Amino acid sequence: MALLTVEHLQVDFRLRQQTLTALYDISFTLSPGERLAIVGESGAGKSLLGYAIVNLLRQPGYISAGAIHFHEQNLTKLGSRQWQQIRGKKIAMIFQDPMVTLNPVLTVGEQMVEAIRAHQKISAQAAKQLAIHKLSQVKISAAEQRFEQYPHELSGGMRQRVVIAIAMLLNPEILIADEPTTALDVTIQAQILHLLKQLCEEQGVALILITHDFGVVSRIAERTLVMYAGRIVERGPTLEIINDPQHPYTQGLLNALPQMALAGQRLNQIPGHMPSLGEHPSGCAFHPRCPYATEKCRWQRPRPIYSGISTVACFAIEELLAETNLEEGDDNHD
Amino acid sequence: MIGFILRRLLQAVLVMLTISFASFVIQGKLGDPVTQMVGQNVTLAERAQLTESLGLNDPLLQQYARYLSDALSGDLGVSYYHKQATLAVIGDRLPATLELSFCALLIVLLTATPLGVFAAIRPRHILSRLIVIVSTLGLSVPIFVVAMFLVYFFAVEWQWLPSFGRGETHLLFGFWSSGLVTKDGLQHLLLPSVSLAFVLAPIFVRLIRAQMLEELDSDYVRYAWSKGIPAHRVYFVHALKNTMLPVITVGGIQVGTLIAYTILTETIFQWPGMGLLFMEAVSRVDAPLISAYLIVVGLIFVLINTLVDLIYLWVNPRVRIPGYGQ
Ligand SMILES: Nc1ncnc2c1ncn2[C@@H]1O[C@H](COP(=O)(O)OP(=O)(O)OP(=O)(O)O)[C@@H](O)[C@H]1O
Ligand SMILES: [Mg+2]
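Respectively, the protein sequence lines represent chains A and X. For reference, each letter of the first sequence is one residue, going 1 to 334 in the UniProt record's numbering. For reference, each letter of the second sequence is one residue, going 1 to 326 in the UniProt record's numbering.
Since the hints were derived computationally from the structure, they do not count as laboratory data. Being a predicted model, the structure only gives us computed values, none of them experimental. The reader is advised that the hints may include incorrect statements.
[To be verified] Among chain A residues calculated to face chain X with C-beta under 8 Å, some are:
(1) Tyr62
(2) Gln84
(3) Gln85
(4) Gly88
(5) Thr101
(6) Ala118
(7) Lys121
(8) Gln125
(9) His152
(10) Leu154
(11) Asp244
[What the hints assert, rightly or not] Pairs of lysine-lysine, DSS-like flavour, derived with a Cα cap of 27 Å:
(12) A:Lys89 / X:Lys83
(13) A:Lys128 / X:Lys29
(14) A:Lys121 / X:Lys241
(15) A:Lys139 / A:Lys90
(16) A:Lys139 / A:Lys197
(17) A:Lys128 / A:Lys90
(18) X:Lys83 / X:Lys29
(19) A:Lys89 / A:Lys77
(20) A:Lys77 / A:Lys90
A virtual CB, placed ideally from N, CA and C, is assigned to each residue, including glycine.
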């Protein structure tokens, strides 16, 4: 039984002269306690998807089609009162840059206690106890002291721990983490990721991890969605996708990882760049950058099909599958 | 912290030096002090002697140094007209001006903050559009037009409020003549302070609205929403607190404008404050009084700006130096 079901979600930006589509036909499910990664280059629409789920898209962005089911509710139909009871309590978020997410003029404690007391009727003293307990759970030393401090008095890594502690305050069912470690340096990245995974495992929290880094994905997520230009182009179990990427875009992303480059070799970046909003190419949006692109890819859009390893939207894979099926058919004939 | 205060002090001293030099020059250029003192009916020899004894033949810099050292010891000359120390003359009028400015500022803050915040929170509301339009128009309405309307309706047509003077005052603490403690004084205060507030309120409404809009679009406000905290907390704790930081800074500068506008307001309403005194001094070419006024106003300006900086420091934890205030 899925905890969260996203069905044919579309996000548009209504501008003065035109309406631009940023997310097309996004569908996926998330099971309780499952860890799902959403991967793609900058501009793929990963953050928009995260914000769309909790209805925090910025104007003029809005959900123009589709549904998001969470328990018995369709999240796209909720009023602000109902949202208030879900956000922070059932679905928590971690943003990319802890520098700009914590309010600079409020202490760590104020920002934790307000979150608790918005959802639970408990005394300020009890809320403080809970907050300090959660701070020590994310391995913040001298938690009592941190509680009184302002965000700017903490290091970047420490701030992100605070944000994680806030996310975990009310034992949410889903945690959406948008590039939680991108703003941090490498050693701290690893610690924070480890902490995040550990907390989610211990408390049975389902995680949607948004990242552009496949290196991060492999350590955390059981399943992966790969996004390109507002669409899901490949989805499947993380291990399978990493060992045998099907979509040329996924292959490109994996080849571009520093670990994949042989010593002395340049990184194999995918040529070209992610199209911006309103410039999404016809057919398969990836075709201008794809080494296998054919005439068909320019004009027709591939539908997602199951390749035996993952679900991919790519004509090259479709043909490959058709050929092997044919061969199998021949074999059977003999 | 110490460094900050020292830097601030140095700035204040520099500003005051500049102002004092300007007023010194004004004093030297305005009229002829000898004529002012003895009139036309003295011989040239007597005039020359007086000029010499007043030190008016000394080099300019030497005269300025003397002016400065006198000023530091609290002597800003004697008013030609009032035949009294200029500082004493100004000191008599200071409470009237300060009470007027304070009330105007209070009215500005109490009206502009809710209006600006509302216009930012409900940008599509008809009332918000009205607020924006009115505050834009309000920017270009001169104060005497506002004052004229107020006087016409409240003083002439309906005769609810007096239109000039300060009314009954009481001496507080032995030196402060206050109009805030009598009903008559408060009634007299109403029209001038509302007129003065009208001039500043549009600037503050627009400033608060623009800043609040920006804060509402910021990441930390979106994060606050994501925590599911009530809307009033997001608006009034998260966004408003950050909105007020730049408002304090710009507001501090606007308080300077406020002082300038008191001159107009006081003239219109015959409010016996420093502004009116200044206008009188100008028409009488009372050079010592004019230059003393400039110095006093300059000093008030510097004090207010320092105060604003300190408030900013107190509100904004980011510029607090570690260890301070604990
Ligand atoms: N408020 C907005 N107005 C117009 N376009 C927007 C807005 N927000 C996002 N976009 C566009 O939508 C597309 C997807 O943006 P999104 O932030 O979801 O990308 P992302 O995958 O999270 O990238 P990154 O790794 O840089 O965070 C981008 O082309 C972006 O320019
Ligand atoms: Mg993003």
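Broken hints, by number: Hint check: 1, 7, 8, 10, 11, 12 and 13 fail, others pass.
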